[in-house]
Amino acid sequence: MAAIAQIKDGKIVESATASSLAKETKKSGSTMDKEAFLKLLVAQMKYQDPLEPTSNTEFVSQYAQFSSLEQMQNMSATLELSRASTLVGQTVSVNTTDSTGKATTIQGVVDYVVYENNKAYVSIGGELYSLDDVYGVANQQYLDAYDKALAFGIAMNKLPSYENLTLDNKDDIYKLKEIYDGMSNYEKTFVAKEFTDKLDRYVKRMEELVKDLIGDFVKALDELPAKEELKLEDKEKVDKVNEMYKGMSDFEKELVSEEQLKKLEEAVKYMEELEADA
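Throughout the sequence shown, residue numbering follows the working numbering, covering 1 to 278 in sequence.
Treat each hint with caution, since some may be false.
What the hints assert, rightly or not - Restricting the straight-line Cα-Cα distance to at most 20 Å, the calculated cross-link-like pairs of lysine to any residue (SDA-like) are:
| id | residue 1 | residue 2 |
| --- | --- | --- |
| 1 | K158 | K119 |
| 2 | K148 | K198 |
| 3 | K193 | M183 |
| 4 | K158 | L199 |
| 5 | K148 | T91 |
| 6 | K231 | K253 |
| 7 | K237 | E266 |
| 8 | K170 | D250 |
| 9 | K231 | E272 |
| 10 | K253 | D200 |
These are calculated hints, taken from the structure and not from any lab test. Only a predicted model underlies this, so the values are computations on that prediction, with no experimental measurement involved.
From just these sequences and the hints, can you work out the full model?
What follows is the structure, encoded as structure tokens:
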């Protein structure tokens, strides 16, 4: 028997679990087991009317009916315990009522299951709850998606207001965009629309701030032909863009994306190869 109540000042302090089990105990005490049935059957045989005795066939029939009912109850108990056992290790939600009648909802991982008083109970955080009170089971995929969305929302709320955004917030904003883009479609459904809209606005604001500071460099880089289309005549353009990058401060260079820097480096290297072949 699992411990479901504590003793204080010589009295049982009932939890929701203890109260529930106490009610079940009263109910189970009113049911008839095989021993009680046999005693009743013997008494019926002992005190039957000798002039009109009950036939043996009727006694056998009564016992067969009881045995059949008992087997059905045992099967039901086995199935209920089996169903409860599948919840071990799962995160479940439970509706429960305490001894004062207050209804509450709890969520937690099922540690183990027990079967007491013809009912299955799940253990969550050291307390037992009736299997009948379990109304929801969350799989790991759901929990992971929920946790990601929660962490994402908290991080978004830590960002300054739109009006107070500066380039100092660039890394944080782009990191959040990377996190969101890396989510699966299922995980994205957990993110509130207000956060995705906010992220879009913040990313665009960063692009505007970057453009204001290194706009000339970005424009000149975008005007360069693709690497495969470069010719020796484009050397002056490539050198100009390269000099613009070299003349930037360290802070400005940090605003250049990896893709932009890669394009510049490939263009410079390709021009060197063209000159060597000329």
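Okay, the hints, checked on the actual structure:
| no. | hint | in the structure |
| --- | --- | --- |
| 1 | K158 / K119 | violated, 48 Å |
| 2 | K148 / K198 | holds, 17 Å |
| 3 | K193 / M183 | holds, 15 Å |
| 4 | K158 / L199 | holds, 12 Å |
| 5 | K148 / T91 | holds, 17 Å |
| 6 | K231 / K253 | violated, 27 Å |
| 7 | K237 / E266 | holds, 14 Å |
| 8 | K170 / D250 | holds, 15 Å |
| 9 | K231 / E272 | holds, 11 Å |
| 10 | K253 / D200 | violated, 24 Å |
The structure is inconsistent with the numbered hints 1, 6, 10, although it conforms to all the rest.
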